[in-house]
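Student: Chains as they are written, first to last, in our numbering: chain A, 2 to 355; chain B, 2 to 355.
Don't read these hints as lab results, they were simulated from the structure. Here the structure is a predicted model, which is why all the values come from computation and not from measurement. Positions of the beta carbon are idealized from the N, C-alpha and C atoms, including for glycine.
Over the 10 Å line for every Cβ pair with chain B, so calculated as not near, a few chain A residues:
#1 Lys17
#2 Gly52
#3 Glu155
#4 Glu199
#5 Lys284
SDA-like cross-link-like pairs, simulated, lysine to any residue; straight-line CA separation at most 20 Å:
#6 A:Lys137 with A:Glu148
#7 A:Lys351 with B:Ala74
#8 B:Lys17 with B:Ala338
#9 B:Lys299 with A:Gly38
#10 B:Lys284 with B:Lys303
#11 B:Lys284 with B:Leu307
#12 A:Lys126 with A:Arg109
#13 A:Lys11 with A:Pro281
#14 A:Lys76 with A:Ala224
#15 B:Lys351 with A:Gly206
#16 B:Lys351 with A:Arg203
#17 B:Lys299 with A:Asp312
#18 A:Lys351 with B:Glu83
#19 B:Lys351 with A:Leu212
#20 A:Lys299 with B:Arg39
#21 A:Lys351 with B:Asp209
#22 A:Lys351 with B:Asp208
#23 B:Lys166 with B:Thr59
#24 A:Lys351 with B:Gly206
#25 A:Lys122 with B:Glu347
#26 A:Lys351 with B:Pro81
#27 A:Lys137 with A:Arg227
#28 A:Lys299 with B:Asp312
#29 B:Lys351 with B:Thr29
#30 B:Lys76 with A:Ser349
#31 A:Lys76 with B:Ser349
#32 B:Lys137 with B:His214
#33 B:Lys152 with B:Thr162
#34 B:Lys299 with A:Arg39
#35 B:Lys284 with B:Gly13
#36 A:Lys131 with A:Glu83
#37 B:Lys122 with A:Ala346
#38 B:Lys122 with A:Glu347
#39 A:Lys351 with B:Ala90
Number of protein chains: 2
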Amino acid sequence: MSNLTEIIKKIGPLDKKSMDEARARQDTLTKPQGALGRLEELSIQLAGIQGKPIPQITNKAVITMAGDHGVVAEKVGNWPQEVTAQMVANFLHGGAGINVIARQVGARVVVVDMGVAGQLKANPKLLSRKVAPGTKNMAAGPAMTREQAIKAIETGIEIVTDEVKKGLDIVGTGDMGIGNTTPSAAICAVITGRPCAEVTGRGTGIDDQLLAHKIEVINKALAVNRPDAAHPLDVLAKVGGLEIGGLAGVMLGAASQHVPVVIDGFISGAAALIATSMAPQLKDYLIAAHVSAESGHKILLKHLGLRPLLDLEMRLGEGTGAALGIFLSETAARTLAEMATFAEAEVSEKNEES
Amino acid sequence: MSNLTEIIKKIGPLDKKSMDEARARQDTLTKPQGALGRLEELSIQLAGIQGKPIPQITNKAVITMAGDHGVVAEKVGNWPQEVTAQMVANFLHGGAGINVIARQVGARVVVVDMGVAGQLKANPKLLSRKVAPGTKNMAAGPAMTREQAIKAIETGIEIVTDEVKKGLDIVGTGDMGIGNTTPSAAICAVITGRPCAEVTGRGTGIDDQLLAHKIEVINKALAVNRPDAAHPLDVLAKVGGLEIGGLAGVMLGAASQHVPVVIDGFISGAAALIATSMAPQLKDYLIAAHVSAESGHKILLKHLGLRPLLDLEMRLGEGTGAALGIFLSETAARTLAEMATFAEAEVSEKNEES
Chain A
2 MSNLTEIIKK IGPLDKKSMD EARARQDTLT KPQGALGRLE ELSIQLAGIQ GKPIPQITNK
62 AVITMAGDHG VVAEKVGNWP QEVTAQMVAN FLHGGAGINV IARQVGARVV VVDMGVAGQL
122 KANPKLLSRK VAPGTKNMAA GPAMTREQAI KAIETGIEIV TDEVKKGLDI VGTGDMGIGN
182 TTPSAAICAV ITGRPCAEVT GRGTGIDDQL LAHKIEVINK ALAVNRPDAA HPLDVLAKVG
242 GLEIGGLAGV MLGAASQHVP VVIDGFISGA AALIATSMAP QLKDYLIAAH VSAESGHKIL
302 LKHLGLRPLL DLEMRLGEGT GAALGIFLSE TAARTLAEMA TFAEAEVSEK NEES
Chain B
2 MSNLTEIIKK IGPLDKKSMD EARARQDTLT KPQGALGRLE ELSIQLAGIQ GKPIPQITNK
62 AVITMAGDHG VVAEKVGNWP QEVTAQMVAN FLHGGAGINV IARQVGARVV VVDMGVAGQL
122 KANPKLLSRK VAPGTKNMAA GPAMTREQAI KAIETGIEIV TDEVKKGLDI VGTGDMGIGN
182 TTPSAAICAV ITGRPCAEVT GRGTGIDDQL LAHKIEVINK ALAVNRPDAA HPLDVLAKVG
242 GLEIGGLAGV MLGAASQHVP VVIDGFISGA AALIATSMAP QLKDYLIAAH VSAESGHKIL
302 LKHLGLRPLL DLEMRLGEGT GAALGIFLSE TAARTLAEMA TFAEAEVSEK NEES
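Just chain A, same shape as in the assembly (with noise of 0.2 Å):
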């Protein structure tokens, strides 16, 4: 734990004079105040981040984590377990989703095996940091121990700081778990307090009859493990994933660095409930990239008091949202890096009389 406490601790407040010179030099530029709406707010944010009045997005990466359920046993899903380790070979050779649209918009994808049920093929590009063979079936006791929970988050924490010793200026967040739509219900009615109907949903597109016995299963887990709302790492252990926890981990080591972090969906909304919970100052290192067609992550991004950047009713997960809300960031950087201001460009400024 010394660790995990030692990053916590480095997560202060943003940086207000970056934020104020940021504010100051929008008002420069040419345009009308504001005129570039959320895309100046994010540029602030992104100058409080990294401590700089002019941010910079150069270096991007989504990392991207993957690991198995063993609550697929009360089958709530209808995908095959063994699809998780045939994305992961998928993420590696380039053709899924997050690949796409990392290479669009410059990021590179780090593929992570935080507790994939199979043995992988070796793959030089895999980072191989299995916890566990997957969780424990959470319906019948604890997905799985303490010290895993601690193994997980310390792992992305690790992973994140090895990245940002290569160059890394934003991160964005992504999962691939086959089931992992269910432990993120859970974890979100936990930390939220809100009934476990409210917060589940279709995951990869289950029918209703499919979706009142995922929401049973659900209650059934909270029943058999009641994890403490107050104490996040219990919350992991009993009821969470250890992808979940890394990218909890890749939140609070980010954090701790400067960086900001783009948050995907569901699943990575689930890391950020218990890693803000760990640490609430973590919040403003915060970018929700958009929201889900899954139906609790309103009510998750609400309750972390985030806006979305996006609204285009995906449900893919694998960081394909964050890849997307990277782009916007640095759109924001770059416009208040690069836009002339009034007085380089001699454009006269609004009358002063109005």
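Using the hints provided, position chain B relative to the given structure of chain A.
Tutor: Then chain B, alone, in the frame of chain A:
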């Protein structure tokens, strides 16, 4: 008019076969069906417009048209008219918002003088197509003659046709013109049939008093000119603008050549109202990039039957929103083209029984 009539005739229905093939391919890609949400719909629309089962977005341009407005004599805004010409110079030097975002997106910016009041300094990058040195004051009589309105539209068609010859897979529309939310609101009121007060907004940021005055001026222009909603050329001539006519031409010319058009904010929307009134089929070729902070824009988009991709509270014009819409269109096309299929990636599909 012969050229214009022919162009309108060429805008046919989208290519259903390509759309069916695109839709079928989407469902073979390694993701749950529909998981890319609106990006999937967009990819299918692009397929139908381009007439290709796998649409391609490589050659991208934003056409930014500038014009001045005689109605500024009524003091409807708070920026001096000289800013139109100064901003054109800023576009040519690469310092404006549209330059920065277009660079990021990989789109060229085509800057056109459709009707700037003053004489612009010659610049090899500027397309000088001045139909008139600004419109006349529409509160006192027609903004332009019928011949000028036709000339503006035909100029837009010619310009986009030249761009198609250079290679153009998608085009965005952009505008610059001090005072141009005033004619845009007038067009919007006439064509949607809504009261001026509902469709008139704060433009570059005017206060309540100036807003009330602006609405009064538009009402006066409508009373003086009595534009006929059933005749879009009459509306454009009486209460329109030269850049608005030019952009309507860009839309018609692009669609007639199977090039998708990403429309920007309120001014591009007013141009779309004119153009779709001439060619209702054009609607299918339009992609609404965003809903701007300008209050009438929502009403306008609803009338067009278009759903914006983004809501970032932007209100800069220039094509800045359109450039972001071009980026998302490219994402839609690239995911369709580049993602692996289940068969290619050897990923198992969804269980049959669920």
